[in-house]
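Number of protein chains: 2
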Amino acid sequence: MTKMQKDNKPLIISLLMTGSELVSGEITDTNSVFLARELMSDGVMVDRKLVVGDGFGAITDALLLLTEKSDVVIVNGGLGSTIDDLTAEVVASVSGRKLVENSRAIEHIEKRFGRKFLSENSPFYDQIKKQALIPESADLLDNPVGLALGFKLKIQRAICYFTPGVPGEMQEMFRQSILPDIRLLFGLKPRFGISKLNIIGLGESQVQQLIHRHIARETWDRVRLGFRASLATVELKMSIDDPASEPILKESRERIKELLAEYLFSESGSLPETVIRLLRDNRMRIAVAESCTGGLIASQITAVPGASDVFEGGVISYSNQSKTRLLGVHEGDIEVFGAVSQEVATAMVKGVLEKTGADIAVAVTGIAGPTGGSELKPVGTVYIAWGISGSIQTRLLLIKRERSVFQQLVSTVALDLIRRSLLGLDVDGIYYFDEISRKRL
Amino acid sequence: MTKMQKDNKPLIISLLMTGSELVSGEITDTNSVFLARELMSDGVMVDRKLVVGDGFGAITDALLLLTEKSDVVIVNGGLGSTIDDLTAEVVASVSGRKLVENSRAIEHIEKRFGRKFLSENSPFYDQIKKQALIPESADLLDNPVGLALGFKLKIQRAICYFTPGVPGEMQEMFRQSILPDIRLLFGLKPRFGISKLNIIGLGESQVQQLIHRHIARETWDRVRLGFRASLATVELKMSIDDPASEPILKESRERIKELLAEYLFSESGSLPETVIRLLRDNRMRIAVAESCTGGLIASQITAVPGASDVFEGGVISYSNQSKTRLLGVHEGDIEVFGAVSQEVATAMVKGVLEKTGADIAVAVTGIAGPTGGSELKPVGTVYIAWGISGSIQTRLLLIKRERSVFQQLVSTVALDLIRRSLLGLDVDGIYYFDEISRKRL
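Line order of the protein sequences matches chains A and B. Reminder that position 85 of the first sequence reads as 85 in the numbering used here, one-by-one numbering, no gaps. Reminder that position 189 of the second sequence reads as 189 in the numbering used here, one-by-one numbering, no gaps.
Since the hints were derived computationally from the structure, they do not count as laboratory data. Be a bit skeptical, because a hint or two may be false.
A pair counts as met if it fits within one copy or between any two copies, since identical chains are not told apart.
What the hints assert, rightly or not - In silico lysine to aspartate or glutamate, DMTMM-like type, Cα no more than 25 Å apart, as pairs:
id, residue 1, residue 2
1, K98, D242
2, K69, D54
3, K377, D42
4, K130, E235
5, K439, E335
6, K154, E258
7, K154, E331
8, K250, D84
9, K129, E354
10, K129, D359
11, K69, E89
12, K196, E258
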């Protein structure tokens with residue numbers, strides 16, 4: 001599994017994550033997840049991951065331990081300007097180097113924040129200065145996003161990369177400086193033949209079952225499968241170590257695509273991106289009318305750069321009054337059928353199509369909870385209506401999940417129903433998290 | 001910081017998380033987050049956390065390392081029935097004990113799955129038997145939820161608890177068996193005097209400077225400060241170890257609240273929760289009109305249970321046409337002043353107040369990027385307008401951040417301006433991520 005170095009010894013990479021808030025569980029360590037996944041794409045499996053608090057002794061111990069046993073150590077956190085940012089000091093002590101004010105670091109700060117922040121009158125003077133202190137003769141790692149520069153130096157047998165804790169800053173530094181450097185030093189090549197498939201509706205175990213039932217076991221000696229499930233979608237990753245396995249990768253990939261059928265929504269790109277692309281291809285503009293999702297569908301669409309090409313706008317008709325005032329839903333319909341009903345969902349789509357002049361629209365009305373349910377319409381009930389003027393369809397789902405998960409799942413289904421419609425696919429697809437369609441399994 | 005043992009030495013607890021899928025980043029390690037948080041409630045800060053793959057050598061090394069330096073080691077994972085579940089074998093090897101079929105474990109399996117699973121004809125026979133192999137004379141830890149029992153034994157200087165990787169099983173085992181055992185052995189009591197302050201507008205380093213400039217250093221020997229920064233807000237946590245420090249905690253807390261002034265938005269609860277509470281107190285209903293945030297403000301409000309008490313609804317007027325059609329903004333105003341202008345932002349608030357009948361509203365129009373900027377109005381320019389009918393205010397900000405971060409920060413400022421208005425506070429507050437207000441620093 002683990003990539004070999006040029007001299008055929010396995011490359012040992014360790015991660016050292018520092019931060020009391022990581023050890024205490026106040027924040028979840030997502031940085032090491034990012035690093036491990038990125039390295040994995042190059043075929044390198046991280047050997048171990050050590051998480052310690054912001055103590056001088058703890059970081060020192062950890063750094064000595066890992067640098068003794070690893071070829072590469074990536075250290076994350078503790079490069080900021082506050083008193084609990086101790087990494088540079090530890091490195092200086094462990095490596096017997098002085099901390100010196102680095103002129104390139106000073107330049108970097110000036111460029112980002114202007115000279116006045118470096119004047120002694122600036123309230124930020126001491127802090128800024130602290131961030132420019134780098135162990136003597138370490139190589140700097142550029143931070144295109146933030147203030148704290150990273151640095152690289154050798155400690156014991158390991159090449160060490162020191163990175164800031166802010167995720168966006170660490171990620172850019174890793175992609176732009178560290179990964180290319182590791183590739184160069186250890187002769188790594190990007191992993192061969194990685195292929196992804198994005199799935200909506202089926203859960204990880206259903207996909208796994210489908211594959212194992214229909215594809216011969218021997219395939220998996222040569223093609224490696226990885227699953228990454230998020231709230232409503234699953235990413236299936238296929239990869240091979242040996243270029244000679246490419247035909248079997250291709251073949252099994254085509255077979256899996258057939259098996260997944262319309263549950264496969266893209267080979268790259270999120271579901272909102274897929275929907276935006278399809279709308280663009282069809283030269284259609286979309287509008288939304290949201291009740292229980294409260295703006296989440298629109299927010300997911302508009303998070304994608306270029307959404308303005310296809311997104312007209314929408315209405316968040318949260319109260320009953322706003323359904324009437326903003327969308328022209330008849331008060332009588334709400335009284336007779338209830339705000340969560342097929343009739344009101346349909347009227348919402350009609351209303352938003354008319355008000356905005358969009359070509360296609362989707363509307364949702366449901367009960368997100370924790371209160372507001374009844375015996376007939378329990379918490380988790382939701383009607384989704386969608387379509388173009390004169391051709392509107394609806395669907396009823398029951399998604400018994402906690403409020404924010406419910407909102408996420410409903411938004412995802414709404415987008416998927418638009419996708420299925422635009423592709424002319426069956427809109428009766430199964431969503432494993434929906435109690436009503438699960439009954440059909 | 002760390003709780004003392006009865007004999008006044010600090011109690012050192014380490015976590016060892018095993019599993020190749022944890023090291024590779026395929027799954028995020030939430031079990032250690034749970035353990036660290038639970039222990040924190042008892043005043044015990046986890047000393048370190050080591051994550052290793054499913055290799056015999058890796059687990060052996062890690063166990064030897066941690067048991068040499070810790071009083072307690074909680075080991076998670078590797079107790080299952082598959083070939084990569086190696087923990088019991090490692091323990092046997094490290095502690096020089098035999099693995100023996102444990103009769104209580106056999107009983108547990110029988111009770112949960114019935115006798116037939118233990119017949120030699122069962123396809124699960126070998127697997128089940130494997131889970132009953134426990135190191136000789138270890139104490140069993142009950143698993144009320146699943147198949148794999150945990151166990152406890154001493155290795156080197158540490159009491160070790162071995163737990164299954166399935167989150168629900170580990171959690172029950174921790175609560176029912178491990179935590180009571182640790183409390184008893186080391187005389188722990190739940191932690192004393194934790195206090196939180198939530199801040200919007202100031203960055204972590206600004207808060208720290210403010211505090212260190214105005215409060216005597218000696219305070220921090222007895223009161224511990226912790227910072228947790230999210231995208232736009234900062235949580236400041238204060239805690240003490242010694243009940244006798246309570247007066248100084250109270251005093252410094254009051255002083256910090258004075259220093260933070262209107263930048264302090266709550267002592268518990270998110271910014272949307274705070275705004276909802278204020279609206280409820282004022283018996284006011286709110287509406288939103290969103291362009292560049294595309295539904296995110298509404299989505300953050302409606303993510304809070306009970307938002308329907310105060311949230312009327314809103315309009316996502318993303319295209320120019322939708323600003324006119326949905327909100328009645330004059331086409332001429334958009335042509336003359338541009339869609340991103342004080343005039344249009346004001347017209348959006350007026351429009352949404354009129355259309356929804358809400359008491360108060362907020363509107364945003366800006367350039368989220370990456371394209372769409374001009375020299376006069378670069379990417380990151382945003383106008384926020386808010387107020388009640390007849391009294392509308394506006395503010396111009398420049399937030400040069402990546403699209404999704406921009407949308408998050410603008411949503412947060414929009415909510416904060418509502419908060420400040422409702423409290424009668426200065427609405428010219430500084431937001432450290434806004435280039436325009438930062439110039440005033």
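- Message: Flag every earlier hint the structure violates by its number, smallest first.
- Response: Numbers 1, 3, 5, 6, 7, 9 and 10, in rising order.
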